[in-house]
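Protein sequence lines, in the order shown, are assigned to chains E and Y. Position one of the first sequence corresponds to residue 0 (numbering that gives the first Met the number 0), numbered consecutively onward. Position one of the second sequence corresponds to residue 0 (numbering that gives the first Met the number 0), numbered consecutively onward.
Think of the hints as simulated: they come from the structure by calculation, not from any bench. Since this is a predicted model, take the numbers as computed values, not measurements. Mixed in with the good hints there might be a few duds.
What the hints assert, rightly or not - List of simulated lysine-lysine pairs, DSS-like, C-alpha gap at most 27 Å:
id: 1; chain 1: Y; residue 1: K111; chain 2: E; residue 2: K97
id: 2; chain 1: E; residue 1: K56; chain 2: E; residue 2: K111
id: 3; chain 1: Y; residue 1: K97; chain 2: Y; residue 2: K35
id: 4; chain 1: Y; residue 1: K56; chain 2: Y; residue 2: K35
id: 5; chain 1: E; residue 1: K164; chain 2: Y; residue 2: K164
id: 6; chain 1: Y; residue 1: K35; chain 2: Y; residue 2: K111
As the list claims (entries may be wrong) - Among the chain Y residues that face chain E by a calculated CB cut under 8 Å, a handful are:
id: 7; residue: T45
id: 8; residue: S47
id: 9; residue: N91
id: 10; residue: R133
id: 11; residue: T134
id: 12; residue: V141
id: 13; residue: P165
id: 14; residue: S172
id: 15; residue: F231
id: 16; residue: R235
In this text, a Cβ means the ideal position worked out from N, Cα and C, and glycines have one as well.
The residues making up each chain are set out below.
There are 2 protein chains.
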Amino acid sequence: MNQRILLMSSSRKDNLGYLEHADAQIHALLRHEPRKVLFIPFAGVTFSFDTYEGMVKPVFERLGYALASIHHSADPRRAVDEAEAIAVGGGNTFALLKRLYDADLVDAIRAKVQAGTPYVGWSAGSNVACPTIRTTNDMPIVQPPSLRALRLVPFQINPHFIGGKPAGHNGESREERLAEFLHINAPEQVFALPEGSALFSDGSNGTVLGERHALHFTAEGQVETLREGETFPLSRITGPAGMDGWQDFRA
Amino acid sequence: MNQRILLMSSSRKDNLGYLEHADAQIHALLRHEPRKVLFIPFAGVTFSFDTYEGMVKPVFERLGYALASIHHSADPRRAVDEAEAIAVGGGNTFALLKRLYDADLVDAIRAKVQAGTPYVGWSAGSNVACPTIRTTNDMPIVQPPSLRALRLVPFQINPHFIGGKPAGHNGESREERLAEFLHINAPEQVFALPEGSALFSDGSNGTVLGERHALHFTAEGQVETLREGETFPLSRITGPAGMDGWQDFRA
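Only chain E is shown next, with the shape it has when bound in the complex (with noise of 0.2 Å):
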């Protein structure tokens, strides 16, 4: 296979500016090419897509990519068809994919970025490009036709990973959050990824891009680090079962 998958943990790192610490991962996804980049802002929930587009385009553009926001397009499975990148915000990972749904966009983003349009998503975008948004972080404030997303990756992401919990707080660490994922999915894996991390998929291989690592759960209690630059093939993954035909999933 021949695709271009980046996901990206978080638009911040640490207390950089906006996708600041981004740059040599999406010049690895675009490859200096003149691509001209279709954005969704559909993650963005309490401000306005063109505030959105207006703190994303600035970024693509010192790359030295062009960038235009899917919400000025009149027709918008047109624009997806069209587009020669593909890149995905983060905000409210159950927004984004009831509004892919609703512009009936899931099926035909899949298509595009199977047949090698690179695709770039940040926390909620990378969720999304998932088999399902079943490790997302985020509060489930509108209900999507169903949890199944872009199917993208044959594994979960769960961004914006940090460890532990505040201390005297009894809510459930993400550690706790992922132990109950893999208790009912396994043998469905997650790979975690602290903020500045991403893997890179090219459809056959993934590969841990930031110096923070990635920590790969493939059953409840087991995990291990895989460092920056070190790559896994896709076909030991196991995902839901059935990729493609796959219509819905377990518990």
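Starting from the structure of chain E, add chain Y where the hints point.
Just chain Y, lined up with the frame of chain E:
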């Protein structure tokens, strides 16, 4: 109306033991009456229902109430119909709601509690008492048929409320998550409960229990603090349109 509904933020407060902070709140609901409590352990994921019952039963017995878990019952619907009180424990809200739907208990519990049977929930057990589970903090590890829940009260609960975010972390704060909820779903309203706080509903009025107070979010950016013992008429709360006939929710 003559209802008795106790919605607690959490099973733990600070470093106290399981439900150890909750004696007065549970007695406020059950009034030292000799009621046998039906426990619903469906939010537990990484441990058995037997284990869960073993954590909860001694707490209620110490307070003078018998308790048995529904998972021992060959006919769970009948167990609900015959319950003298219902307790729904915390864990994963999505797993809890899915199992309630799978066992066809949603309407049965709702009818029973509306008819006056006392209900106590904590954490996920408070989330499912609301119109929907759209203000849960939990990971959507499984997909219930709907996010629509028991609808015992007209407002949403956000349990385990904690403000701010860890230093250097860029995921959304709880305040940002609730702002997203309200941006889309206002005039629906949310009560955020710090650990140790609770709300009591008698079907006509709500009352805040616990010295940590409750935060009442009435719209994006609009929040007021309700102190221990403060009471508000439920008629003042704007729930999802038509609590009874209500079939779907906005987005």
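Status of the hints after comparison with the structure:
1. Taken as a hint, the Y/K111 and E/K97 pair is broken in the structure, with Cα atoms around 34 Å apart against an allowance of 27 Å.
2. Between E/K56 and E/K111, the direct Cα distance comes to roughly 22 Å. Compliance with the 27 Å bound is thereby established for this hinted pair.
3. Annotation: proposed proximity of Y/K97 to Y/K35 holds, straight-line Cα distance about 25 Å (limit 27 Å).
4. In summary, the hint linking Y/K56 to Y/K35 is supported, as the alpha carbons are separated by about 11 Å, within the 27 Å threshold.
5. For the proposed pair E/K164 and Y/K164, the alpha carbon gap of about 11 Å is at most 27 Å, so the pair holds.
6. Of the supplied pair hints, the one linking Y/K35 and Y/K111 holds, its CA atoms being roughly 15 Å apart against a limit of 27 Å.
7. Annotation: interface hint on Y/T45 holds; nearest CB of chain E at approximately 5 Å, less than 8 Å.
8. Because the closest C-beta pair between Y/S47 and chain E is about 11 Å apart, greater than 8 Å, the hint is violated.
9. A cut of 8 Å between beta carbons decides the hint on Y/N91: the least distance to chain E is about 5 Å, and the hint holds.
10. With a cut of 8 Å, the hint placing Y/R133 at the interface with chain E holds, because the nearest CB-to-CB distance is about 5 Å.
11. Proximity of Y/T134 to chain E holds as hinted, the smallest CB-CB distance being about 7 Å (cut-off 8 Å).
12. Satisfaction of the interface hint for Y/V141 is found here, the shortest Cβ-Cβ separation to chain E being roughly 4 Å, below the 8 Å cut-off.
13. Interface hint at Y/P165: satisfied, since its Cβ lies 6 Å from the closest Cβ of chain E, which is below the 8 Å cut-off.
14. The interface hint given for Y/S172 is broken, as the beta carbon of that residue sits about 11 Å from the closest beta carbon of chain E, more than 8 Å.
15. Checking Y/F231 against chain E by beta carbon gives a least distance of about 24 Å; that is not within 8 Å, so the hint is violated.
16. Interface hint status for Y/R235: violated, as the beta-carbon distance to the closest one in chain E is roughly 23 Å, over 8 Å.
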